[in-house]
Amino acid sequence: MAIHSARRGRRLMAAAAATAALALGAACSGPGGGGGGSGDTGGGDATDADGVATVTVWAWYPEFQEVVDVFNASHEDVQVELVNAGVGEDAYAKLRTALESGSGAPDLIQMELSEMPSFMVMDGLLDIGPYGATEVADSYPEWVWDQVSQGDAVYAIPVDAGPIGMFYRADLYEEYGLEPATTWEEYRATAEALKAANPDLYLSDFQVGNASNLVGLIQQAGGAPYGYDFSNPEEVVINFDNEITRQVLNYWGDMIAEGLIDDAPYHSTDWDAGIAAGTYLTTIEAAWRPGYLGNIAEATSGSWRVAPMPQWNEGDDLQGNHGGSTFAVTSQTDSPEAAAQVAIEIFGSEEPWEVGIDKAFLFPVFNPVAESPDFLERPYEFFGDQPVNEIFVPAAQSVSPLSFTPFDSFAKSTINEQVASAIAGEQTMDEAAAAIQQILVDYAESVGMTVSEG
Amino acid sequence: MTDLARRPRAPMTPGRVAVAAALVVSIVYFFLPFWWIVVASTKTTGQMFSSHSLWFADSFAFLDNLARTFSYQGGIFFTWIGNTVLYSVTSAVGATALATAGGYAFAKYRFRGKKVAFGVLLGAVMIPNTVLVLPTYMIMSSIGLVNTVWAVIIPGLLNPLGVYLIRIYAQDSVPDEVLESARIDGAGELRVFAGISLPMLRPAIATVLLFSLVASWNNFFLPLVMISDNALYPLTVGLNNWRALATIDGSAGQDLYPMLITGSLLAVVPLIAAFLAMQRQWQSGLALGAVK
Amino acid sequence: MSQTVAEPRVTRRRSPQQRSGGGQEARRGRFGWLLLAPFAVSFVALLIVPLGYALWLSLHARSITGAQRWAGFENYVRVFGDESFITGLKRVLWFGVLQAPLMLVLALILALLLDAATTRLSRLARLVAFMPYAVPAVIGVLMWGFLYSPQLGPAAILTQLLGDAAPDLLGKTWVLYSLVNVLTWQMTGYNMIIIYSALQGLPREIYEAARLDGAGGWKLAIRIKLPLVAPAVVLSAVFTIIATLQIFSEPKVMQSTRPDAVPADFTPNMYAYNQAFSYGQFNYSATISFVLGIVIIIGSYIFLFATRRRSGLND
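Chains C, Z and R supply the protein sequences, listed in that same order.
Here my numbering is used: the first sequence runs in plain steps of one and ends on residue 454.
Here my numbering is used: the second sequence runs in plain steps of one and ends on residue 746.
Here my numbering is used: the third sequence runs in plain steps of one and ends on residue 1061.
None of these hints come from the bench; they were simulated from the model.
Be aware that one or more of the hints could be misleading.
What the hints assert, rightly or not - A short, non-exhaustive set of chain Z residues, derived as facing chain C with CB atoms under 7 Å: (1) T499; (2) Y591; (3) S595; (4) S682; (5) N684; (6) D709.
Note that beta-carbon positions come from the ideal geometry of N, C-alpha and C, so glycine has one too.
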């Protein structure tokens, strides 16, 4: 009986499976998109009867709708449909799923520079060089353009960047008789002086868990932990365990161990509270951060100033970058030309940047805007009306070259884990650097890439 | 319920004081986070990071926060509430209907393949969600349902646990003799099920309905993957989006904490209200599985 | 449908019980299948089919740019040698060992207290303890994140007492225990209600008999009530074990704000998620999920087998 019924059950299951597939198909393809509205937001139905191309864009900046409105008002043949598909990681996860399953990707997506290689290897980005992208190369700083292109092949149009500067509390610096440091050696001396004057305060916090910022700091020391070439998507250079990286890691690790610098994690409530309460007198940040700081530390608005980055060698002018995004056309688009046009034009004039700068605190890499007197001389209330772009704009022009790996999210996670473990005293910073190198090389090989350790 | 309760004023014995103290401690513990969110919803972002989190700040920003929550991004919060209600009610009602019929069949009918089917069903409860998400996405994608309401509602119809609960409840609370005598009186199987068994199953059905409702109301992972359009988000994914914007480097200068906190507060209120409203039903339903 | 209604009457008139038994049985069996069909369809379409596809994925591999190729058990061999997976699995097992008994004992004590006396206070406690169950993981983690802050919340007391030695409750060392607390807060009420309902369903005469024998208060609770609600506790334990081994949402939400303490491979389920959705390794991700599923099924059956007589699942 048992055997018999099992066989019968299997047969019924098979029948049920077939019915299920039919039932689902029939029940659901009828009403189409259903009650929710826009239905399929992937790339598709490119051009309607009137010859107007609709380009679907995934982006997450809250104020982006206004920029889209500006674009749509000034274009008749191309219209943009904005979709908020999640912030950063969430949107990338969806794009990966869509690429893997063969449909569902938008025409255009907001993508951070550091994520581009991971979609290059999935063949997810379209070369828009043939659609006029090469002609706008001169409108962007060279280091940014290098990150989105390879010769005549262009895989994204840059939007904003995050040159790193030193934010400090002018009022508290004055109270404790401190001066903004110009070298990292001075920075350390300043931290010691502050500790002597008031042991409860820290010159800054290391922001444990902020691997992107750390990579920016390594870059600012002249280091380049990764190398990647869009024309050889299966090859990667991993060069994390080197003198420059170790120097940066040990510099911060030592100061944390001595209690000069705090080790509250990035974006922890404590970090936020420390900034709000004036426990941290300085913070090393990207140019787009004031938007966030202004909210969590609203009471301190006006007391902050920006100074150029301290240098490792006096007289140098090395700069780092943290963050920044682009618009990339996906390989699933049905209207590559229109999508490329949107990518090129949406932030390629001055009008949209009024929204981007005023409301979203974006730092433009579009030269005509970034170099305009309006932007350079613009006073910021949060910084006591200091025209901070006089510092950020030159910094953005001299950022050291840097590439990312096709597994940046894994790399960041590894860096965060290993550095945190060194700060907790479980290993030295040198060991952390070696471990990161080893883990990344192993990982790259395990997914079938060719690795060279530079 | 017991004699202790019926006595109007029980004398204060050490035992009774200990019980009361234990209850008070547990009330404080379980209520603490709710207290926090109520307090936090009255603060501005600056105050949240500069005042004690369990007590009010100088100013009272609740109404302002409420207004901002409702008006932000063209009132999208209302859209999310609407979506959540749509997803959770349709999924929960559908899942409960399927589970009730299925569980009852397992409890009261002998048919071939039953043992195997039930074994497979129990195994299904143990399968991690992540393994199903990508394949489900691909199936939905191939029939063009990704990023539609169906991509959330249809997978929500599956509730193996509900089948299990109904089965156990039906075994205990629907006596075979009653069914048999109805059959002898000439009632067909359908009438026996609809007319006799269903009313007896009501507490179990209410329970499964409520738990399905909670499961789909709080569902996060599935809609996160399936839905890419802001206007189709349920509350969980929408609030997570605000959280990411508020706490991760995506806010681009927008002050989202107050909306996040106030929105979260508003998101939990309806479920708690539903619990209260259906209390009598589900509490008796929950006895299922217990008495055997 | 009218046919179904008419049939038994005919059967009954025509033949004695013995001879028609087989046919009636078969007809009833068919109705049983008919009732089960809608669920079975959804089960197959939404579970078996996706699962089959995942199995296919796990048996294939894809080079970072190339196409799918048959890989046999390559991925499975890799999982068992993968330190991230093994560490994560050990972590959730330890988590379950801590959290399941803690929560179940708490739930049991509360349920017994509520059952012993219905007062206004106990009714309030019942409601408040159950409320966290209605809170989505995203919001629960947000709430506790602030409460754990060494500077702003109740945890600040620790900071005042211990200074720099105060634990960072969301840091590497403590975050697992903090998560134990979040999950306990969230699920105790649910389990309490299940056990409480079981207690309420017990026939009151048993108590009277015990009381006549001189058993009161605690003795009654432990000697009489506890064994009677054991099936409910076992049931809760099984679901808790399954849930803890699968834990995902809470650490996932925490990861975005505390990547230093909650790495991408914190739990096996998170590891599987990140392999697929962050690193694009869909084949390997499916394999991790499968292995995790197998571990869970084995674990649950061992537990069910060990407690079989009380689980209420005899056939």
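Hint numbers the structure violates, sorted upward?
-> Hint check: nothing fails, all pass.
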